[in-house]
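Novice: Residues per chain, in single letters:
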Amino acid sequence: MEIITEEEVRHVARLARLALSEEEVKKFQRQLEKILEYVAKLRELNLEGVEPTTHVIPVVNRLREDRGKESLSKEEALSNAPNTEKGHFRVPKVIE
Amino acid sequence: MDFEVMIGVEVHAQLLTKTKIFCGCSTNFGRNPNTQVCPICLGMPGVLPVLNQEAVELAIRAALALHCKILRRERFARKGYFYPDLPKGYQISQYEEPFAAEGILSFERNGNCKTIRIKRMNLEEDAGKLIHEEDRGSLVDFNRCGVPLLEIATEPDLTSPKDTHTFLAELRQILQYLEVSSGDMEKGHLRCEPNISLKKPGQSEWGTRTELKNLNSLKGVEKGLLFEIRRQKRLLESGQPIRQETLLWDEKREIALPMRVKEEAGDYRYFPEPDLVPLVIDEEWIERVKRSLPELPDDRKKRFVETYKIREQDAQTLTLTRRLADYFEEVVKIHSDFTLAANWIITEVLGILHEKNLSIGDLSVTPARLAGLFHLIQDETISKKMAKEIFVKMVESGKQADEIVRVQGGQIRDEAEVERIIEEVLKGNSEEKVRYQSGEVKLMGYFIGQVMKRTDGKANPRMVNEILRKMLEGNPQKSGVQKK
Amino acid sequence: MELCEQSAFVLHQMLVSKEISCREILLSLLNRIHSRDLNAYITLFEEEALKEAERVDQQIKRGEDLSPWTGIPLAVKDNICIQGKPTTCGSKILTSFQPPYDASVISKLKEKDCLFIGKTNMDEFAMGSSNENSHYHPVRNPWDPTRVPGGSSGGSVAAVASGQAIWALGSDTGGSIRQPASFCGVVGLKPTYGRVSRYGLVAFASSLDQIGPIARTVQDCALLLEAIAGYDSLDSTSLDRPVPLYSTNLKREMQGMKMGIPREFFGEGLDSKVEERIRFAIHQLEEAGVEPLEISLPHTEYAIATYYLIATAEASSNLARYDGVRYGYRTKSFRDLYEMQSKTRQEGFGDEVKRRIMLGTYALSAGYYEAYYGRAQKARTLIRRDFDQAFEKVDFILTPTAPTQAFKIGEKIEDPLQMYLSDIYTVSPSLAGVPALSLPLDIPKDGLPIGLQFIGKTLEEEKLLQIAFACEEMKILDNSISS
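Chains as they are written, first to last, in our numbering: chain A, 1450 to 1545; chain B, 7 to 490; chain C, 2 to 484.
These are computed hints drawn from the structure, not numbers from a lab. These numbers come from a predicted model, not from an experiment. Warning: the hint list may mix true and false statements.
Said to hold, decoys possible - Coverage of chain C stretches by chain A, computed from C-beta distances (three or more under 8 Å per stretch; other residues unrestricted):
id : stretch
1  : 27-41
2  : 359-372
To be verified - If the Cβ cut is set under 7 Å, some of the chain B residues that face chain A in the computed set are:
id : residue
3  : T23
4  : K24
5  : T25
6  : Q42
7  : C44
8  : E60
9  : S342
A virtual CB, placed ideally from N, CA and C, is assigned to each residue, including glycine.
Can you make the complete structure from the sequences, with help from the hints?
Specialist: Pasting the structure below:
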């Protein structure tokens, strides 16, 4: 049985906001299937009682004081944007 | 049919820090769009978050006030979803390890005491603001993006919209008291999303739960809940299913409409935030915050009743806000007639604040000045009635009570002077005098009124009373008083 | 030797003695860049660099003190932000993006008057082992232009290897500095996680990414690390530890040191020519008094699976910000928001990036988290323990950097899993967070470099550089340049 189906590939693509072509869906299904088969190796490990590693460094409590820093100017903030209007970023309408 | 109602709420309170939770941008409200943003809160490539210590302190305060257990070691998590107001494509929040859990908040309504369990409390970042323009799409302002939020979720322990209203008011008061949040719902500084489910009496299973969003006031919460309860009732009564969904409250039309969502929504792909290291909150830190914690409204109310012997209802009013309660305590530190102070603050002070649309902090009459006015009442320099007028003048002119009294004069306490005025009054009202002397004793009030009128209310009432009585009743032969 | 082939250390001396000008160094480099097209750079700062060189030359004329970094041209991988300069990450999606901020390493180098020559080509978002995944086309290996330079820091490494840069900054997530350094015959170091600030390094996998130096000599490598290492309050994961004077403290007695030879790194998949060379290097170190000890890193075979799950999961989240709203590419036609975002990402990302976003999204999605990401995080703990245990017995670990020499362009591009497996020796130290350095060995007759990897204990970059320096002195490696 497949680990990942084409339908699942489509679902994941929607989650990740990728408008994959049908060809890509097929290709990724094949490739992801192979990769997932490979990573299934991890099932061989006995991981009972093993703590997950989120950070490799023993650092805690990096905090900053509640002190202001200069913000960007509005022009700087918007300078890279594809579409702006009246000091805002413009985005298309949401159709649900 | 009567249904049982079960309500839980999720509250998001903006924390009163100067800067955002992960960057140094200001949290000021109402500035020009996209002027309080930086590469970090705009989610530009390569930038990293650094946690604001003050946000943690404020969250500890709130957790302590709500009797929550604070996790000693916690991590942040990324909650992933795409929306244009969320620049990174994920919100930094807390997931598996909440900030605090298992708290309670008790409140009283109509003499009944209720305890609501707090499930969990999370620190997270706020999103930006979308301004929707019909058909044309939306405009995005990221000024709000990254403002620290405290998310407070309760167990579904509330049983009515009124309960929910009271609970939220209580919670808001605590957050304001602790200076954790401004609590302003209209401005969106405090947001509430209740979830509701119903049950037919006698049945064991609760119905499907729905969620309400976009409630911008306590009244709105109550109205929205009433609407949703009615809607669910109708569905249950007609045997239709209730869908598990989120409804948006439309304040103008007073209806709640279901939000349409994509099928993959809700899969947030949480995982531990690798850009932030764990937060360790030790006993010492908690103790330090505990020591800095102000007395909570409920405790203060009880103490006011015990210490100052004032009515519970008055204590309740006086502890409505921390500043008002502080004001009262400052006054009674100087002037020890607690009842006078309580009554006066509740009627006169609150009255003028209301009338002039001021808050207690704006008032030029400091507690010391108000106490000064009370001293003048106590030593009978002025009457209570005069005091009210002087108080208004104090507010308007910014002058002290004795200054005003010095100019307009205090009570007339010279016996000869009072006698002279009374004689004049009796002369001008000889008919009433006869009636009084023939037994119509209730006319005493009339005479006093006349004296006060002539003296602009400045005559010492006790002295007027005594002299009047003496002059009217002093010579029994002449007046021939007969007691019936 | 042309100026562009000199080490930073020598060039500094020549500048101080006024033998040469900064302009001359720069012109020598630019000449090399223009005469030989390896596609190493995405953006060149030619005019500005010339102006900057002019400024440095004025400084020299006035007799001002020069720092060892002053005026020595540096190439910067195009995923490290320089204020006001295009930062593409080799991706279409960052078309025309100019960050309004400097990466912290760039701020540090600016303070030291370093001269930036340009931004180098790379696999898109640092995802790749061959540099074929760049929107700006593949980089060529200077030793054989039909072969890949390795990846993802292929541009930086090729530039340094060919005299198109004196030294360069790269980034390493699972081998992106070391593997190309091995393929192109230069020195590349991945520091301890947290040693160098990540602020301004466009994130691929946050718990693994590190910026590191690439140079032709160990001393230059040490000097560049010295400039960029250290605590940064803008990076919560940076380590608050003093930075040693790596470049002036390179001499070390090798006699009596213990080197670990992990048996798992010498098995199936290792090219025999590479193995032969590595074995010979081990023999030479033994001659110099270093004691070899066979050790085991038993979870090595799980490293690739662990790495690809963790790295892609983090990447899927880190790359969610490219949505066509605030910067970068936006698709031309769309009906609504969802379509704008999905098409922007579909058109803006290349094949490998999409594949990894897909894998990472899947590994984090509802119902799969524990089976994939959760497992990988626990496996990572076991891999770290392997290293902890090994370092109880040895001073450093010695392995090949890559299982093969540089492969042909196009050879592995159709088989992602085969490509991933070429990172087999570099991902374990990345997962453990420990420092690792790739040192070029004597170039074999076929003319393709081979790299030797030294892995050290957390924060022991100094020791690694000292060992590498000793090897350099012993001439078991080759600093020759491909011109």
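Novice: Run every hint past the structure and note whether it holds.
Specialist: Evaluation of the provided hints:
Closer than 8 Å: that is the beta-carbon criterion, and the stretch 27-41 of chain C has 0 residues meeting it against chain A, so the requirement of 3 is violated. Note: the stretch 359-372 of chain C has 5 residues with beta-carbon separation from chain A under 8 Å; the three-residue rule is met and the coverage holds. A distance limit of 7 Å between C-beta atoms decides the matter here; for T23(B) the minimum to chain A is near 5 Å, and the interface restraint holds. The beta carbon of K24(B) is positioned within 7 Å of a beta carbon in chain A (closest approach about 5 Å), and the interface hint is therefore held.
For T25(B), the shortest C-beta to C-beta distance to chain A is roughly 5 Å, which falls under 7 Å, so the interface hint holds. Interface restraint check for Q42(B): the shortest CB-CB distance to chain A comes to about 5 Å, inside 7 Å, so the restraint holds. For the restraint placing C44(B) at the interface with chain A, the shortest Cβ-Cβ distance is roughly 5 Å, inside the 7 Å limit, so the hint holds. Because the smallest distance between the Cβ of E60(B) and any Cβ of chain A comes to about 4 Å, under 7 Å, the interface hint for this residue holds.
For S342(B), the suggested interface contact is broken, since its CB lies about 40 Å from the closest CB of chain A, more than 7 Å.
Hint violations for this structure: numbers 1 and 9, all remaining hints satisfied.
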